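All chains should be built: construct the whole structure from the sequences, respecting the hints.
2 protein chains.
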Amino acid sequence: MKAIVNVYLKEGVLDPQGKAVHHALGALGFEDVENVRVGKQIVLDIKADSMKAAEKEVEKMCETLLANTVIEDYSIEIVQ
Amino acid sequence: MKAIVNVYLKEGVLDPQGKAVHHALGALGFEDVENVRVGKQIVLDIKADSMKAAEKEVEKMCETLLANTVIEDYSIEIVQ
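Here the protein sequences line up with chains U and A, keeping their order. Terminal number for the first sequence in this note's numbering: 80, no gaps in between. Terminal number for the second sequence in this note's numbering: 80, no gaps in between.
One should not assume that every hint holds.
[As the list claims (entries may be wrong)] Which stretches of chain U does chain A cover? Using the computed rule of at least three CB atoms under 8 Å from a CB of chain A, they are: (1) 22 to 33; (2) 38 to 44; (3) 66 to 73.
Think of the hints as simulated: they come from the structure by calculation, not from any bench. Fair warning: this is a prediction, and the values are worked out from it, not measured in the lab. Think of the CB as a built atom: it goes at the ideal place given N, C-alpha and C, for glycine as much as any other residue.
Right under this line is the structure:
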């Protein structure tokens, strides 16, 4: 089973990497960009009996390791 | 308009960050994980006349800045 986890900074948390990308895009002539946010995408291959069990397990992983829940949010998508 | 760009290492390219996460998950007792790949997710707010125009513009951004196409692939999703 495949789990796709997106980890992104919470609204209101400053994103210096996004700011840097935004600035670089502007310097390259892409002037229609209004905002950039950079996050992580983590793709896990896991063994699980059901999609529900997989989601529960991956949620635990997010809480303990994959995301810093003080400043980051995450979303989980399970694919067969 | 919102563009969601996922940038990930090509198949066969070594992913040390993924390996480190895999190892750390194992050390935390998550033993059902078979493989981990870590990529980037870049979310852009852009002005564009149409979704097609936005996609074309973002594709150019990927080729010039957002992805290193020697070792990385990318996918683009445009959301209204």
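To see whether the hints hold, each was checked on the structure:
no.: 1; hint: 22 to 33; in the structure: holds (count 6)
no.: 2; hint: 38 to 44; in the structure: holds (count 7)
no.: 3; hint: 66 to 73; in the structure: violated (count 1)
The structure shown violates just one earlier hint, number 3.
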